[in-house]
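The primary structure of each chain is shown beneath.
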Amino acid sequence: MSESQPPLVRVRGVDKVYHRGSEDIHVLLNLDLDVHPGEFLALMGPSGSGKSTLLNLIGGLDRPSQGTIEIGGERIDEISSRQLAAWRARHVGFVFQFYNLMPVMNAERNVELPLLLTHLNRGERRQHVETALHVVGLADRSRHHPRQLSGGEQQRVGIARAIVTDPTLLLCDEPTGDLDRKSGDEILGLLQALNREQGKTIIMVTHDPHAAQRASRIVYLEKGQLVSERPS
Amino acid sequence: MKFFRLVWGNLWRKPLRTTLTGLSVFVAFLLFGLLCVIRQSLTAGISMAGADRLVTRQKVSIIQMLPVSYGDRIAQIPGVAAVVHQSWFGGIYKDPKNFFPSMPVQPEKYLEMYPEFVLPEAQRKAWIADRRGAIVGRSLAERFGWKIGDTVPLMSPIWRRADGSGAWEFHVDGIYSGAKKSTDTSQFFFHYKYYDEGRSFAKGMVGWYTVRVKDPAKADEVAKTIDAEFANSPYETKTEPEGAFAQAFAQQVGNIGAIMMSIQAAVFLTILFVAANTVAQAVRERTEEIGVLKALGFSNRMVFGLVLAESLLLAAVAGLAGLGLIWLITLGGSPSPAFLPVFYFPIPDFMVGVFLVALLGVFAAALPAWQAMRMGVAEALRRAT
Amino acid sequence: MNGLINWFVQVTSLTAFNLRTIPERRGSALSSVIGIAGVVLVLVGVLSVASGFRRAMVSSGSPSEAIVLRSGSDSEMTSGLGRDEVRVIEDAPGIARDASGPLASAELFVIINLPKRSTGTDANVSLRGISPAAYAVRGNVRIVAGRRFTPGRNEVIVGAAAAGQFAGLDLGQDIRIGQNDWHVVGIFTANGDVSESEIWTDASVLQPAYHRGDTFQSVYVRLASPGDFKAFKDSLTTNPQLNVTPVRLSDFYAEHSTVVTEFIQRIGVVIALLMALGALFGALNTMYSAVAARTREIATLRALGFGSGPVIVSVLVESLALALVGGVVGGVAAYLAFNGHKTSTINWQTFSQVAFSFAVTPGLLARAIVFAMTIGLVGGLFPALRAARTPIATALREV
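Residue numbers (this note's numbering), protein chains in the order written: chain A, 1 to 232; chain B, 1001 to 1385; chain C, 2001 to 2399.
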């Protein structure tokens, strides 16, 4: 994790403006940020500070009003929305606060979902799904539907879904926001392990200082700008 | 195909709603099929018409009769391959409501003119040899339970017997079946000679002629020649293709095609609206799931496709079940042979049904799928939290 | 008493609450309204054909008119009467008389082919030869254009409905029938009855044109009073010189209209029932989603002390309200689209065309609305029961 390596994520001069009626809301202002391969970065800040917006921009869910976003050498602010979708499928895994699993499918099928976009055949998909569920410790729950799982278990399925394609970047939006302390700790431990043992680069939005402690670096946002930065 | 589970799973998110929508689509296509069958039955004569056959009738009205001698004169006209005559007997069996088409014909020539009436050779010979013989269509025979060898008395309000006796008696010598599904097998044919000798008036007169032309391309020309032959005679004729004759006959009832079409259109639009609303509702409820799919890397097109596929799948399962049920019902035969002598689901109509199923699936989902496609990912996800 | 008032207050407040939230569910509410409107439109449309046809037929027969046919004939088509028989019939008791003699018209009935204006295909049109007394027998014939035909000439007068439905029957035109040309000298109305679908000429001119000698097919008579029918009938049926059947004209036409109207009604009812089933599923969908969307609100209200009865009633009222709107919309649309639409169809008994107008009658509309409300009632019942039965605790947790 030497500083000499080129950054994996390179955000330069990014503005994000939303239009609400006739009013312009500046969510991000001339923001710069680098994230290096293998980092576990926590994005903190009060609500409305723009941390989720920044995460969405990095994940290619939204486009900056101004500035550039380069990920692994690719300018994702420039490519078409179709290319962007394909890029997300290949490079990004998302973990959501409310897990956002498909209620109509069991754990296995939920994890398999992003693999449907690959060329893997049925057997290969099954193998990847098994591995991912094993990593998150839910191998024995693969046939359960979301409503049959606890919050912590659902989030593990969410993480398995995010890592099953072996993405470059893992983006987590308040992954413990809906969990009790114990389950939250387990999820954070899992993320930490993924970071340390498998070298996953993780960016996590959180407003919980306790969660942020698990990251290797913490960045604070306020009113759309980086205000301070420190290693945890 | 690997997306099938996703589509199928989404479909059953609200089983009750999906079932109800499916049932309304099912009923709509049941109705569609039923109307097709009824229309086919009411206009059966048109599809039965041969391209090489003409009908020559009295110009003033089909009710007026023509001399039997016209047959020989028509046969001499160049381009005419064969000619037979038929007359309207109007027979009823026991009760006026037991009504069916019954006609005196020349047996041998008639069967040659209409190869679509299929009769076993032995029965054909028996009929030709028996002056009081008759052949009945399969559906007619089933309607009254007639068997070969039965003696059937018919009354006619038009034709009374010269000897004053009430009923005309016929022997059932044969039961014919149709070469095609569209063939009407509800008719009753018997010897012209028996009829002509027995009737009390209008002897030597027949209802109308059917003419086979050698070359269908010259049918119009032959028709004009026939009518010119009898112009300025006491019995002027009007000759037209069998199809046009049958069509005019069907149109007498009313514009059946247009009536059926407008009912079908009303049904289709109504159900379309109901189905479209269901799909829209299902998509609205899933906003955040669609956002997740997009975050996972599903392109807008794929999301559009998934919504469309879901709607198409529902329409296909329910619609095809409706069409299939009608098809099964028609295999069982006509529930009302008197009104609907021909009872089957024509293949072209079935194909139109399949096309409408697809159309319903696409149209019901078009707007919601478009909205799902256009939905911004970040926005969709935000709406969830 | 207090309990009843309380119950009533609960029902009204819940119902008002439900109805107020309809705009938030306008998509599904609209689909239910349109579904029901569609059913009503088709039902009324199909049945208006039957009622229009029946109206044309039934209005034709007055109880103080009678028709005499040969025994065993069920229509003029198959009947035949000689001049001698006609004379005997004219002298029968019970027939009204005026200065020129008994009000009895011996008539001839033939069919000619004319193209329908709507499709261009040939249709069978009735051509009737009448005796001079026919106008007085019918009593409702009005010449609206031109004049009456002159007896002895090849002239015809045309019923207004026939003139509208078939080509070539305008005033002043000639119709070629066989080798004779017939000149159209007048257009008549007859109070909307079947005569308006016919062409009339002098029977004595029609007889030779059709090689009929001195024979007729029917005798129409006007009775001195409706009560005289029995005497009239008895004198004819007991007369050994005659072999005829007199029928009151109203009964005659009613009998003639049953085949067509029953067929249309049977098909119409099958179609409407199937469509209603489809719409019922749509309505159930609407009401289930309406209830589902408010599961928590309903549970909250019940937790606050509202009873299940008022909950059920309020859901039913909403469903009925939507059905009523659908029924009215469909009925009005059907009225605008179909009422008065002119068409013609074949009357199998006479093998000739009867022109008539679709009739969307108040009775028909009332039946359609009742039908719509029934769909609404059934469509609301199960969702209402579900709303009232869900355990409050479960419902409160539902998001």
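If you're looking for bench data, these hints aren't it; they were derived computationally from the structure.
Each hint should be verified, as a subset may be incorrect.
Stated by the list, open to error - Among the chain B residues that face chain A by a calculated CB cut under 7 Å, a handful are:
| hint | residue |
| --- | --- |
| 1 | K1002 |
| 2 | K1014 |
| 3 | V1292 |
| 4 | L1296 |
| 5 | S1299 |
| 6 | T1330 |
| 7 | A1378 |
Said to hold, decoys possible - Computed spacing ranges between beta-carbons, pair by pair:
| hint | chain 1 | residue 1 | chain 2 | residue 2 | range |
| --- | --- | --- | --- | --- | --- |
| 8 | B | P1096 | C | R2266 | 53 to 61 Å |
| 9 | C | G2146 | B | I1128 | 50 to 58 Å |
| 10 | C | Q2207 | B | I1128 | 40 to 48 Å |
| 11 | B | D1163 | C | R2266 | 36 to 44 Å |
| 12 | B | E1229 | C | D2214 | 29 to 37 Å |
| 13 | B | K1193 | C | R2266 | 36 to 44 Å |
| 14 | B | P1096 | C | T2012 | 54 to 62 Å |
| 15 | C | T2012 | B | P1348 | 42 to 50 Å |
Glycine included, each C-beta is placed from N, C-alpha and C at the ideal position.
Here's how the hints hold up against the structure:
1. With its C-beta approaching chain A no nearer than about 5 Å, B/K1002 sits inside the 7 Å limit, and its interface hint holds.
2. Against a cut-off of 7 Å between C-beta atoms, the interface hint on B/K1014 is violated, since the closest Cβ of chain A lies about 10 Å away.
3. Interface restraint check for B/V1292: the shortest CB-CB distance to chain A comes to about 4 Å, inside 7 Å, so the restraint holds.
4. For B/L1296, the suggested interface contact is upheld, since its CB lies about 5 Å from the closest CB of chain A, less than 7 Å.
5. The criterion of a C-beta within 7 Å of any C-beta in chain A is met by B/S1299, whose closest approach is roughly 4 Å, and the hint holds.
6. For B/T1330, the shortest C-beta to C-beta distance to chain A is roughly 38 Å, which exceeds 7 Å, and the interface hint is violated.
7. A cut of 7 Å between beta carbons decides the hint on B/A1378: the least distance to chain A is about 4 Å, and the hint holds.
8. At roughly 18 Å, the beta carbons of B/P1096 and C/R2266 sit outside the given window of 53 to 61 Å.
9. Separated by about 57 Å at the C-beta atoms, C/G2146 and B/I1128 satisfy the suggested range of 50 to 58 Å.
10. As the Cβ distance of C/Q2207 to B/I1128 is approximately 41 Å, the hint placing it in 40 to 48 Å holds.
11. For B/D1163 and C/R2266, the hinted distance range of 36 to 44 Å is satisfied, since their beta carbons lie about 40 Å from each other.
12. Look at B/E1229 against C/D2214: about 33 Å separates their beta carbons, and that is inside 29 to 37 Å.
13. For the pair B/K1193 and C/R2266, the beta carbons lie near 40 Å from each other, so the given range of 36 to 44 Å is met.
14. Between B/P1096 and C/T2012 the beta carbon distance is about 59 Å. The supplied range of 54 to 62 Å therefore holds.
15. Remark: the range hint 42 to 50 Å for C/T2012 to B/P1348 is contradicted by a beta-carbon distance near 57 Å.
Figure legend: structure checked against the earlier numbered hints; hints not met, in rising order: 2, 6, 8 and 15.
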